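Protein chains in written order, with the working numbering: chain A, 7 to 498; chain B, 4 to 125.
Some hints here could point you the wrong way.
Below are the EDC-like pairs computed for lysine to aspartate or glutamate, each with C-alpha atoms no more than 20 Å apart in a straight line [unchecked claim]:
1. 477/A <-> 13/B
2. 67/A <-> 85/A
3. 115/B <-> 399/A
4. 477/A <-> 37/B
5. 115/B <-> 487/A
6. 477/A <-> 16/B
7. 110/B <-> 379/A
8. 447/A <-> 119/B
9. 47/A <-> 32/A
10. 6/B <-> 26/B
11. 61/A <-> 85/A
12. 447/A <-> 26/B
13. 110/B <-> 378/A
14. 31/B <-> 32/A
15. 376/A <-> 366/A
16. 115/B <-> 439/A
17. 115/B <-> 443/A
18. 477/A <-> 109/B
Simulated from the structure, these hints should not be mistaken for lab results. Computed from a predicted structure; not experimentally measured.
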Amino acid sequence: MGAEEETFNRIIEAIQNIGETGATIDELSEIVHLERHTLSKYLGQLRADGRLSYKRIGRAKVWFVSKAPLQHIFRLSEDEKTYTEKILSRILSDMPEGVLVMDFDYNILFMNRHLITIYGDCIGQKYYHAIFGALPESQSQSEIGGIIDSKAEEIEYHASDKSGRTLEIKARKAENPDGSSSIIVLISDTSEKVRREERIKHLSELHRLLGESVNRSYTMDQLCSTILENVRDVIGYDMGDILIYDPGTNTLTCSAEIGYPETEENRRKEEVENWKKSIVRAVNQRRGPSFIVFNKDERNKDGDELTSSSNNLAQEYNLKEMYVLPLRTKGESHGALLILTGSGRKLSEEDRSLIEGVSEEIAGGIAKIKAEEELRVKASAIEISINPVFMADMAGKLTYANPSFLEMWAYETEKEVLDRSCTEFWKQRADDDILAEVRGKGGWMGSLIGVRKDGSEFKTRLSTSLILGTKGPLQFVAVAESRFASGNKKGK
Amino acid sequence: MTKTVMVVDDVPDVLTSIVQILDANQYKTIKAKDGQDCLEELKEEIPDVILLDIMMPGLTTQEILDDMDRDSRLAEVKIIFMTAIHLLEAEERGLLASQRVVDFIEKPFTIKRMLDAIEKNT
Chain A
7 MGAEEETFNR IIEAIQNIGE TGATIDELSE IVHLERHTLS KYLGQLRADG RLSYKRIGRA
67 KVWFVSKAPL QHIFRLSEDE KTYTEKILSR ILSDMPEGVL VMDFDYNILF MNRHLITIYG
127 DCIGQKYYHA IFGALPESQS QSEIGGIIDS KAEEIEYHAS DKSGRTLEIK ARKAENPDGS
187 SSIIVLISDT SEKVRREERI KHLSELHRLL GESVNRSYTM DQLCSTILEN VRDVIGYDMG
247 DILIYDPGTN TLTCSAEIGY PETEENRRKE EVENWKKSIV RAVNQRRGPS FIVFNKDERN
307 KDGDELTSSS NNLAQEYNLK EMYVLPLRTK GESHGALLIL TGSGRKLSEE DRSLIEGVSE
367 EIAGGIAKIK AEEELRVKAS AIEISINPVF MADMAGKLTY ANPSFLEMWA YETEKEVLDR
427 SCTEFWKQRA DDDILAEVRG KGGWMGSLIG VRKDGSEFKT RLSTSLILGT KGPLQFVAVA
487 ESRFASGNKK GK
Chain B
4 MTKTVMVVDD VPDVLTSIVQ ILDANQYKTI KAKDGQDCLE ELKEEIPDVI LLDIMMPGLT
64 TQEILDDMDR DSRLAEVKII FMTAIHLLEA EERGLLASQR VVDFIEKPFT IKRMLDAIEK
124 NT
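Given the sequences, and given the hints that come with them, work out the whole structure.
Written out as structure tokens, the structure reads:
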């Protein structure tokens, strides 16, 4: 240790011995045996190092050992700072992240301006209490405890602060010039990042779900309930509905709802349903989304269908906001998504645009299920038709046969006929001619002799047509006439 | 009298199949692989009806219709749309507003449906 450092230590020790009242330059001069002007020079250097600070009492300065040497920089006026202090204080103040220094007893020695703005000036307070509002045995302490117990030189973890912010915390041990140690902690508020990640996760889930709706046999209600749950995870609302529009009957039906309080009264339920339908009808006519913020003083005023029904609904559930999003695929309305918030929740513009962004996809999912349901209904018509119907690929192999076909050709199950060539099911005409004509002219109609499973024959009339898809010929469909299927069973 | 049908589709298999089927059904055919080709062919020969795919690269359907409207020789030419898009979407795009659009066939379709539409409009 050099002579100068030795003198510094003597001065600091003298101030510490005098105690919390601090020491004047005259008192120190007597203890450390230094001339006043020499001592003044050393005190100035120690202050510049941040190791000492002073309070001015009248014309005299009372010197203290600085408990928070870095914080000292920020407490000085610009005039009092050295050039280095000015640079350092500006760098620390402008940092967009939190910087905190604490001792091994969790006492906060320094906080930069970023942290002071969030938590207030907590110098001298315990780290875990100031940031986390927690008790010493809390997890936040134990994480940092790893450095204090010399188990780690550096740690990185996430924790929620006392206001629920998600913090990313990086801490490491730092040796001080006097041989003691401190912990430097970098604190970033990652709440928004985490929230965004959560949103992306839920949105991906929503996209995945909508994609899957193509392949999975969801019912409409299942799909709508899952969509409502996923949307709630993304934007957090209180109550929500999906109403589906049926163009055939020009009616709206509630396919799924979420978050409503239970009510046993049927008449009340019906009334609420009617308000919702009125709202959706009105919004669908406008073709764009509608966002309404309810003001208690303005409720119950007479207005159009949308206003009066919205106000009724708002009064019923003490709503603050309502967002109604028409669900449309290009050119077609499928219903609407109704999102309601009560006390404490607000839908930001970002929330609304997020959902608007996936509305067409939601509508697409609904449209697909509607189309599937419609196809299933049409397919049932073919299933119960008294006319034999079959489909075949371009090579002439059966891909579908309805029950009437199986009955007329005397087969038990569809499996027996699928993948077999048409040529096996009739006689007389050269079957290739029929197929060639279907391929060449796009269809064929005429009489032929059918051959049953047991070899018996019957007369029938067949009408076939080629089906053309977006990429070319797909297959052909054929319908036989049942009334020609008379007699001629072998052995009868 | 033999009727002439122009088939416009950018998918070669669809174009060839339809032309082959129409030929077999005693129609005279003109092939065009896209909107530009369609307009070029119309300078040479005027069909009774055009089977027009409305999802092709290059010229939009509206551009084809507008160009045809500017040519008085084509005033009587009718158009049947063949498309994978929904009728309502075409309606919303304003594609059905033209008087010359006489039918709309959604893909996939049966050849019988197509032949009936041509028969009805020629």
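Evaluated hints:
no., hint, in the structure
1, 477/A <-> 13/B, "holds, 10 Å"
2, 67/A <-> 85/A, "holds, 17 Å"
3, 115/B <-> 399/A, "holds, 17 Å"
4, 477/A <-> 37/B, "holds, 15 Å"
5, 115/B <-> 487/A, "holds, 17 Å"
6, 477/A <-> 16/B, "holds, 6 Å"
7, 110/B <-> 379/A, "holds, 19 Å"
8, 447/A <-> 119/B, "holds, 13 Å"
9, 47/A <-> 32/A, "holds, 14 Å"
10, 6/B <-> 26/B, "holds, 11 Å"
11, 61/A <-> 85/A, "holds, 15 Å"
12, 447/A <-> 26/B, "holds, 8 Å"
13, 110/B <-> 378/A, "holds, 16 Å"
14, 31/B <-> 32/A, "violated, 119 Å"
15, 376/A <-> 366/A, "holds, 15 Å"
16, 115/B <-> 439/A, "holds, 18 Å"
17, 115/B <-> 443/A, "holds, 13 Å"
18, 477/A <-> 109/B, "holds, 13 Å"
Violated hint: 14 only; the structure is consistent with all others.
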